[in-house]
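Asks: Each chain, written out:
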Amino acid sequence: MNSLRHFASKVRFTPSTSTLLNRSFKPTTSFNRNFSSAVVEEDDKYEVTNQLEFQTLKHYIPVYTVMNQEGEVNPPSADPNFSKDEVTKMYKMMLTLNTMDNILYDVQRQGRISFYMTSFGEEAIHIGSAAALDLKDTVFAQYRESGVLMWRGFSIEQIVNQCCSNEFDLGKGRQMPVHYGSKEINVQTISSPLTTQLPQAVGAAYAQKLMGEKACTIVYFGEGAASEGDFHAAMNFAATLQSPTIFFCRNNKWAISTPSHEQYRGDGIAGRGPNGYGIATIRVDGNDIWAVYNATKKAREMAVEQGQPVLIEAMTYRVGHHSTSDDSSRYRTLEEINFWKEKRNPMHRLRQYMLKRNWWTEDQDKEVVSSVRSQVRESLMRAEKQKKPAISELFTDVYDVPTKNLLEQKAELFEHLKLYPDEYPIDQYAQDK
Amino acid sequence: MMLSKNLTQSLLRYTSNGAITKNASSRGFHTSKVLLAGGPSTPINYPSLEIPNAGETQKMNLFQAINNAMDISLRTDEKACVFGEDVGFGGVFRCSVDLRNKYGAKRVFNTPLCEQGIAGFAIGLAAQGATAIAEIQFADYIFPAFDQIVNEAAKYRYRSGGQFDCGSLTFRSPYGAVGHGGHYHSQSPESYFAQTPGLKVVMPATPIEAKGLLLASIRDKNPVVFFEPKLLYRSAVEDVPIGDYEIELGRARIVQEGSDLTLVGWGAQMKVLMQAAQMAKEKLGLSIELIDLRTILPWDVECVEKSVKKTGRLIISHEAPKTGGWAAEISSAIQERCFLHLESPIQRVCGYDTPFPLIFEKFYLPDHLKNFEAIKKSINY
Ligand SMILES: Cc1ncc(C[n+]2csc(CCOP(=O)(O)OP(=O)(O)O)c2C)c(N)n1
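Chains as they are written, first to last, in full-length UniProt numbering: chain A, 1 to 433; chain B, 1 to 381.
Please keep in mind that the hints were generated in silico from the structure rather than gathered at the bench. This one's a predicted model, so the numbers in the text were calculated from it and none came from an experiment. Be careful, since some hints might not be right.
DSS-like mimics (lysine-lysine), calculated; alpha carbons at most 30 Å apart, straight line [claimed, not checked]:
1. K388/A with K102/B
2. K404/A with K377/B
3. K183/A with K418/A
4. K418/A with K362/B
5. K79/B with K418/A
6. K410/A with K106/B
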């Protein structure tokens, strides 16, 4: 909570040292490879001092925020001025995500799906950042970013199919729930091992630049995931190779039971950007959708126009349990959760903004919730009735073409199933096509 | 402290663990649902290991037995530390529950989320004379630490000419199928580590053995990778001696003596193999010798050799993919030693050569039926 004390209201990326000081490396959209003077000038950028002094952290990067809990935007020029329809769409999507999460969480507790993760409290991050991007921009997600996929067109139906591992799950039922991925909306398939997606995103963004695309790659991750070695690799690669990557950290204060103060010291994740890696950085209020939108929009511009990486640290709070396997009452207080739920609620802020403009009524909230509830319930009923993917899909996609050992093992399995047709739930699976 | 033979007065019980309960306090990380084909209807009688002069016992499940072993380590060795991701509040599987309260946050603590950091830190701690008991939250997430474990921990002594070592180091990590873990909460990575000279690799099958093997691993003078069957954390319950005891590393356990065929496995697979052996007895009147390897590296080749020389038939079974799995190593070593004693080809009943697939888990796993068929095939060869 301390970290939210300093607020700023201008989108100002703390410039990277390389942009400030490295005269020979002017940021351009091309790949910079200036061999001549780099090593000679390396030392020139440092001031000299005869003071024996160890540097310690003096200034924290401020939190950029423009909309308060009452829905007032300050300064007014920071309002992105979306139309009523556009804002309604954003708000409805936040509410949809929240309502769907509520139901799917309960559905998991009833044993109808095997696992689930909610995004309670982080709705503004999903919608605010997704709205600032283009569908051409590639997304690498961690797992708590369902709203980003929804904004890009991933339907409740698709989400529920994935969670039910049925034959309409694009991932063919092979991964746990919430590990979505869809080529159509340009979101790479989510993988559980943390932070692996960061260096991958840097490579993807580099490829976009190489191929002259007017696009970038955004990669989402938690402040916990930022402790992995892959975070360092990714940031350093992005900086030195000038890969147009947007690093989007969701700092929700908890990594399962580990609070952020046991995860890092110093100036959080943002603090590593400008001085540590030479990457332009902003810290934003993740519960302020306009702040998130403005920051991401500017970041995209910098990435696409100037071909450089950008780091965004969005300060927020994980209101729900880590997952359906977790019980967070073991390690945090209800007061803490309620503070964020009540005093810093991201949906409340946008609702206030709309109420002020007479764009929305409290009754409409109820309508949306009830319509989403029936949508999710109906999707779920349909999804549960669907067959699981065909058993032969166990052996496909390991390689482009199944190798001999896989074909042999597949034949063995089918022979075995003939011997014990009643011991395996064969009829729950689709027929081979 | 070695076991005698199979004494079957006491039995390991597997509690029913099918239902996901609504009670938050019974949540465990991805362990709640277990469905074995043909499972619950057939009670599995798995003999408990007899610990000589063990004294008082207490009912414990496998995670409580692990907790008890670490408790004893922390109590008897003041240089011992327990650490890893989310270890402070008790760990996502509750293995370290209450230990921070008992021994303080200096010795039982959370680390930042970084497996290579945990491994490197553990090596340094051990090299400097402390005892490191490090947890990697899931075996699927041990790979960022692979370099530290394989290139560093395993070669620490050798490369210094025996001057330095990090032997007082144990990596604990939950492994294996649980019914709904998918790619990254199910893997059995033992053979990656078993090909690394300098490491020991241990995989217990019961609460009693988990405790004794973990205490032996922690006190062993070599780095040990200790994979715990998370399927059994809650479901396997035994009367575990509350005192301090060790089970020697590198020694297999003959869980059941038999004369017709030798069946070898480890960890959670032992329950499946016992089921297959019971089926073979009931349906075919066969007497199966069941061996739990317990230590994967160095493994007890003499025990398996002796058994195969008696039975003439061998099947090895593990959840990890068949190609390059540890069964291949056992198969070739036994073939070298027992060629003229073999009555049929050695078989491997393993996971398929695919990633671990969520919705196809029941088909993927080397269950008791696949093992039973392999037994039939071997006998009818
Ligand atoms: C390499 C790796 N180590 C450990 C885990 C287990 N794990 C899953 S999520 C998680 C916490 C992540 O926290 P954070 O990055 O802050 O994201 P949040 O869940 O708070 O959104 C951990 C430790 C994992 N998935 N991958």
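Asks: None of the hints should be skipped; say for each whether it holds.
Replies: How the hints compare with the structure:
no.	hint	in the structure
1	K388/A with K102/B	violated (48 Å)
2	K404/A with K377/B	holds (22 Å)
3	K183/A with K418/A	violated (37 Å)
4	K418/A with K362/B	holds (15 Å)
5	K79/B with K418/A	violated (57 Å)
6	K410/A with K106/B	violated (52 Å)
Taken one by one, the earlier hints fail for this structure at numbers 1, 3, 5, 6, listed in ascending order.
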